Each structure stands twice: as structure tokens, then as C-alpha cells.
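Participant: Sequence:
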Amino acid sequence: MPRPKNNVLRSYFIITRDNQAICRNEKCDNRLLNTHGGNLERHLRKVHPNIFESYSEKKLHGGVLITKIKRDLLNASPANDSFTTSFNSETTPTLSSAINKEHIQMALVELFTKCGRPLSLAEDRPFKMLVTPILEALDMKVNEHSVMKLITKYSNNIKNEIKEELRGRLISLKIDGVTVNSCGN
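Letter by letter, the sequence shown follows residues 1356 to 1540 of my numbering.
Note that these hints are calculated values from the structure, not bench results.
One should not assume that every hint holds.
Stated by the list, open to error - Per label pair, the in silico range of CB-to-CB distance:
| no. | residue 1 | residue 2 | range |
| --- | --- | --- | --- |
| 1 | Leu1493 | Ile1369 | 24 to 30 Å |
| 2 | Gly1393 | Asp1531 | 17 to 23 Å |
| 3 | Arg1386 | Lys1456 | 34 to 40 Å |
| 4 | Ile1513 | Asn1374 | 18 to 24 Å |
| 5 | Lys1508 | Leu1528 | 39 to 45 Å |
| 6 | Asn1455 | Asn1498 | 17 to 23 Å |
| 7 | Arg1480 | Gly1523 | 47 to 53 Å |
| 8 | Lys1529 | Pro1404 | 47 to 53 Å |
| 9 | Asn1362 | Asn1455 | 45 to 51 Å |
Fair warning: this is a prediction, and the values are worked out from it, not measured in the lab.
From the three backbone atoms N, C-alpha and C, an ideal C-beta is built for every residue, glycine too.
All chains should be built: construct the whole structure from the sequences, respecting the hints.
Facilitator: Laid out in C-alpha cells, this is it:
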């Protein structure tokens, strides 16, 4: 038996006969190749974060996706009521550190490039719980888009440093190209 269609999520899209989804937002005419719920949610989350927030509220409070049993479990969960991403300074001790915005930016770039962590980690709830106090103190926001901007910025800086170092010098490159068909046959 197939999964039931998420009508709340699908209401943000026009579904065509060939099973494509067109975003209903007047500023966005993106066509999604299929109507899979994960693809529709990803489009809303990345392109229309405000719409995604309203969708999330509908989803949590009486939307089609949440059954009565799930809703009762969510309401009974202590983590749902007490969790906040910002910490109250009256209840938590204050910490001081000699860390600045550049240190955090370099650490984020290294985490997602050298360490090979996926960009979706920036959207994960435990990651946000760890870094939110620091980010709030430094007036920074971290999400997939901002991390990609940081990576691009730092890679461009490295390219420019290499260009400046090699400016006016002669470079000799030896490129050895072999096709699969001519290799050893």
C-alpha cells in the first residue's frame, strides 16, 4: 500500500500531469522533476525559508502528517516543551573566551572541507544546540547557504594568494594524459 500524499506540502505546489511540481510562489517558477515529499520539503527549506517555517508549524499542529498518536507523543515529550536554541543567561553560567569570528569561520570551513562533513550538518538540531551560544555572542548565523559562502570566500582567498605568489614567474606543467583504450594494449 503506498504512502498517503501530504496535501499540506503539496498545496504549495502545482502538480502537472507528467508528475512535475511547480512552485506556487509568484517569485519562483522552479519545476521539480517529481512530487516526492522530500524534494518538495527541500525546495521550501532552501529557497523559501519563511514558507517552510509556516509549513513546519502546520505540520506540527494539526497538519495531515501528524496523526493523533504522534501528536500525543510529541506533546508528552519533555524535549519538545523545554528545548530552545537560545540560552537564558540567568540560568546558565557565562563563559568567556578569546575566540573571534574569524576563528569560528575557519573552523566551519575546515569542518566541512578537510573533515568532509556534509553541509546538512549545519541544519541539524544537536549541532545548532552546540554552536548557538557562540554564534549569538558573535552575531553570526550558520546554515547551509552561509557555510557555502564561507567556503567560496576562503577558496577565493587561497586562489588569490597563489596567484600573487606566482605572478611574474614562469611555470612549467607536465601533463600526462592516457586514455583507457590506448593504455597498455
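Participant: For every hint, state whether the structure bears it out.
Facilitator: Going down the list of hints, with the structure as the test:
1. Leu1493 / Ile1369: 24 to 30 Å: violated (42 Å)
2. Gly1393 / Asp1531: 17 to 23 Å: violated (43 Å)
3. Arg1386 / Lys1456: 34 to 40 Å: holds (39 Å)
4. Ile1513 / Asn1374: 18 to 24 Å: Given a distance of about 44 Å, which is not inside 18 to 24 Å, the answer is violated.
5. Lys1508 / Leu1528: 39 to 45 Å: violated (27 Å)
6. Asn1455 / Asn1498: 17 to 23 Å: holds (21 Å)
7. Arg1480 / Gly1523: 47 to 53 Å: Holds, at about 51 Å.
8. Lys1529 / Pro1404: 47 to 53 Å: Check passed, 48 Å falls within 47 to 53 Å.
9. Asn1362 / Asn1455: 45 to 51 Å: Given a distance of about 48 Å, which is inside 45 to 51 Å, the answer is holds.
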